[in-house]
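Q: One letter stands for each residue in the lines below.
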Amino acid sequence: MSLGLSGLKKSIWVYHVACSPCNNCDIEILDLLTPRFDVERFGIVLVGSVRHADALLVTGMVNRQVKPRLQELYLQAAKPCVVFAIGSCAVSGNFFRRSYNMAGPVDRAIKEVDPNAIIVYVPGCPPKPEAMISGVVKAIGFLDNLKAKK
Amino acid sequence: MKETIIPIGPFHPLLEEPELFTLKVDGDTVIDVDVRIGWNHRGIEKLSQGLTWDQVPFLIERICGICSTSHPYACVLAMEEICDIEAPPRAQYIRPVVAELERIHSHLLWLGLAGHFIGYNTVFMWAWKYRELTLDSLEQLTGNRNHYAMFKAGGVRRDFSQKAMDFTMKAMDETEKATKMFLGAVLDDPVMHKRLKGVGVLTYEDAIQYSAVGPTSRPSGVDHDARRDDPFDAYGISHDKGVWKAIVLQDGDVFAKAACRILEILESIKIIRWCIENIPDGEIDAGVKEIPAGEGCGHYEAPRGEVFHYMRSDGSNFPIRHKVRAPTYNNLPTYKATCPGAHIADVALITASIDPCYCCTERVGVVDKLGTKHILTQDDLTKLSVKKTNEIRRKLGKTTYDPYAKMI
Ligand code: SF4
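Here the protein sequences line up with chains X and R, keeping their order.
Once you know that position 102 of the first sequence is 102 in my numbering, the rest is easy, because the numbers rise by one and skip nothing.
Once you know that position 185 of the second sequence is 185 in my numbering, the rest is easy, because the numbers rise by one and skip nothing.
Errors might be hidden in some of the hints.
From the derived model, a few chain X residues whose C-beta atoms are all more than 10 Å from chain R [as the list claims (entries may be wrong)]:
(1) S11
(2) F42
(3) Q71
(4) S92
(5) D107
(6) E112
(7) N116
(8) V120
(9) P123
(10) S134
(11) K138
(12) F142
(13) N145
(14) K149
Chain X is faced by these chain R residues, among others (derived, beta-carbon under 8 Å) [claimed, not checked]:
(15) H41
(16) R42
(17) G43
(18) L47
(19) L59
(20) R62
(21) I63
(22) G65
(23) S68
(24) L109
(25) M125
(26) W128
(27) K129
(28) E132
(29) R145
(30) H147
Reference listing, derived: stretches of chain X covered by chain R, where coverage requires no fewer than 3 residues with Cβ under 8 Å from a Cβ of chain R [unchecked claim]:
(31) 13-23
(32) 29-40
(33) 125-133
None of these hints come from the bench; they were simulated from the model.
A virtual CB, placed ideally from N, CA and C, is assigned to each residue, including glycine.
Take these sequences, add in the hints, and give me the full structure.
A: Printed below as a string of structure tokens:
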């Protein structure tokens, strides 16, 4: 596990899961890759398959159709895997918490299948790209602590 | 006839709401296409009916992150129609500035993605780089990069500061320069001509028949623009003074759609400049206290076409009916006219050309008659598209360039 953890924090490959977002969080994630922020400097790369991913960037509220698919995606990802709940929708449900189609925020959906999942919350509607980068940095710090304890 | 069915989507979208396309193909040629929407259902109309009139615009701008001015704009116009009032003059000039800035960032975003799909990653990076300028202006003017929370029935929530307006004027100069560069670099490129011209043609008749709107229909010769045809706020005066015009082109292919969007950016810049130069002083809010019983509708020309909102009030705190119709709903069925006869490598472009959520094309399963399954991902589709561009380039005698070569 500790080898996995130290490998994980070197160069985080992320997979983007859009549940039912308003696109804004998704656009801000894409923004991270473009010249202004350019997170590839830090080795953060958006990958096309969940099998290659070290982290899932989940945006949007989880509706009834998406929930089983999100859980399936999480189970398919190689562990250890960090889940980033990006945006208020993913963190708490935002406006949509009272919607009839709401199936719980991201953490609840993920913890149903893996109670020990590592979940990082990046609130904001949408969070600024800087906030997302800071979320990743904090996650790396957290993984360091975890490794020290082991 | 041997037929193959390719489902595209519905998950995992990269950018916009998920949809499911089912392509019927014969070899490499598309015969028919079926579109299914409704994967991003959040129950917004129902939620809106449980919120007070003041809260509704906040919810409505969360329908779409890219059109987060267009929806509240149409929504507050509907509310104002119920009350039979108009926003104060200063607010009437503030609103178009925010809305046009949004159009610029939306079109640049589209341009970047379209470039990415045909293998011009440079265009992707450039377009998104210059888009940041627009977002900076929005942040200065309204306080947030996206979701500006500016609109309310009877006015706007925040005033523009002089400093922010000066900043925006400067940013517009830069954006204009960049847009002109795109106009030259993208539209005069022979590879682009080969790749985009005559692809996915939407004829005038089809555009009318499928009720296409916005930059999907205007390149096909349909002269319709909600800002001009039903003038509101500063749009009417500025159009009458000849500050801007609706861009109407004739070809209807992907090239015309790209040209239309780039030219619209230039028109938007003119509107923003004119509004900031001529902005009057005074109140920004008419102070609407309650919404009387009645019904109203509002429409606004969003970056993707006309968005329509209908609201009904019974005089209480909440709307009792709120109906939303977004432009992509009209534009999606045009695939029936544009996709058949195209190559699979072009489908990526054609579906992107109406600026929908193309990005649901992440998982594609190919099912042929024998029932074997191949899974194509969005990457594969993009690669097909890049390959085609390179072939054209080779024929034209240019060196090939493969953005994926390094990544693999
Ligand atoms: S948190 Fe806000 S910006 Fe992000 S998906 Fe939800 S509504 Fe959109």
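Q: Indicate, hint by hint, whether the structure satisfies it.
A: Going down the list of hints, with the structure as the test:
Taking the minimum C-beta to C-beta distance to chain R, about 14 Å, the non-interface status of S11 (chain X) holds against the 10 Å cut. For F42 (chain X), the condition that its CB be more than 10 Å from all CB atoms of chain R holds, with the nearest at approximately 17 Å. A cut-off of 10 Å between C-beta atoms confirms that Q71 (chain X) is not in contact with chain R; the least separation is 13 Å. With a cut of 10 Å on Cβ distances, S92 (chain X) stays outside the contact zone with chain R, its closest approach being about 14 Å.
For D107 (chain X), the requirement that its beta carbon stay farther than 10 Å from each beta carbon of chain R is met, with the minimum near 19 Å. At roughly 19 Å, the least C-beta separation between E112 (chain X) and chain R is larger than 10 Å, which holds for a residue marked as non-interface. The Cβ of N116 (chain X) lies farther than 10 Å from every Cβ of chain R, with a closest approach of about 25 Å, so its non-interface assignment holds. With a least CB separation of 20 Å from chain R, V120 (chain X) remains clear of the 10 Å interface cut-off, as annotated.
Listed as a non-interface residue, P123 (chain X) keeps its Cβ farther than 10 Å from every Cβ of chain R; the least gap is roughly 14 Å. Residue-level check passed: S134 (chain X) sits 16 Å from the nearest beta carbon of chain R, beyond 10 Å. Separation of K138 (chain X) from chain R is adequate, the least Cβ-Cβ distance of about 21 Å exceeding the 10 Å criterion. Under the 10 Å C-beta cut-off, the non-interface status given to F142 (chain X) relative to chain R holds; the minimum distance is some 26 Å.
Every C-beta of chain R lies more than 10 Å from that of N145 (chain X), the closest at about 32 Å, which supports listing it as non-interface. The beta carbon of K149 (chain X) sits about 34 Å from the closest Cβ of chain R, which is more than 10 Å, so the claim that it is off the interface holds. With its C-beta approaching chain X no nearer than about 5 Å, H41 (chain R) sits inside the 8 Å limit, and its interface hint holds. Hint status for R42 (chain R) relative to chain X: holds, with the closest Cβ pair at about 5 Å, below 8 Å.
Satisfaction of the interface hint for G43 (chain R) is found here, the shortest Cβ-Cβ separation to chain X being roughly 4 Å, below the 8 Å cut-off. Hint on L47 (chain R) holds. Least Cβ distance to chain X is approximately 6 Å, under the 8 Å limit. For L59 (chain R), the interface hint holds, since its Cβ comes within 8 Å of a Cβ in chain X; the closest pair sits about 5 Å apart. With a cut of 8 Å, the hint placing R62 (chain R) at the interface with chain X holds, because the nearest CB-to-CB distance is about 5 Å.
This hint holds: I63 (chain R) has a C-beta 6 Å from the nearest C-beta of chain X, less than the 8 Å allowed. Proximity of G65 (chain R) to chain X holds as hinted, the smallest CB-CB distance being about 3 Å (cut-off 8 Å). Interface restraint check for S68 (chain R): the shortest CB-CB distance to chain X comes to about 7 Å, inside 8 Å, so the restraint holds. Of the supplied interface hints, the one on L109 (chain R) holds, with its beta-carbon coming within about 7 Å of a beta-carbon of chain X, less than 8 Å.
With its C-beta approaching chain X no nearer than about 6 Å, M125 (chain R) sits inside the 8 Å limit, and its interface hint holds. Because the closest C-beta pair between W128 (chain R) and chain X is about 4 Å apart, less than 8 Å, the hint holds. Below 8 Å, beta-carbon pairs count as interface contacts, and K129 (chain R) has one with chain X at about 4 Å; its hint therefore holds. For E132 (chain R), the interface hint holds, the least distance from its beta-carbon to any beta-carbon of chain X being 5 Å, beneath 8 Å.
The restraint placing R145 (chain R) at the interface with chain X holds, with a minimum CB-CB distance near 7 Å, inside the 8 Å limit. A least Cβ separation of about 6 Å between H147 (chain R) and chain X falls short of the 8 Å threshold, and the interface hint therefore holds. For the segment 13-23 of chain X, the stated coverage by chain R holds: 7 residues have a C-beta nearer than 8 Å to a C-beta of that chain, and at least 3 were required. Remark: the segment 29-40 of chain X is confirmed as covered by chain R, as 5 of its residues place a Cβ nearer than 8 Å to a Cβ of that chain, reaching the required three.
Check on the segment 125-133 of chain X: 3 of its residues sit with their Cβ under 8 Å from a Cβ of chain R, so the three-residue criterion for coverage holds.
Taken one by one, the earlier hints all hold for this structure without exception.
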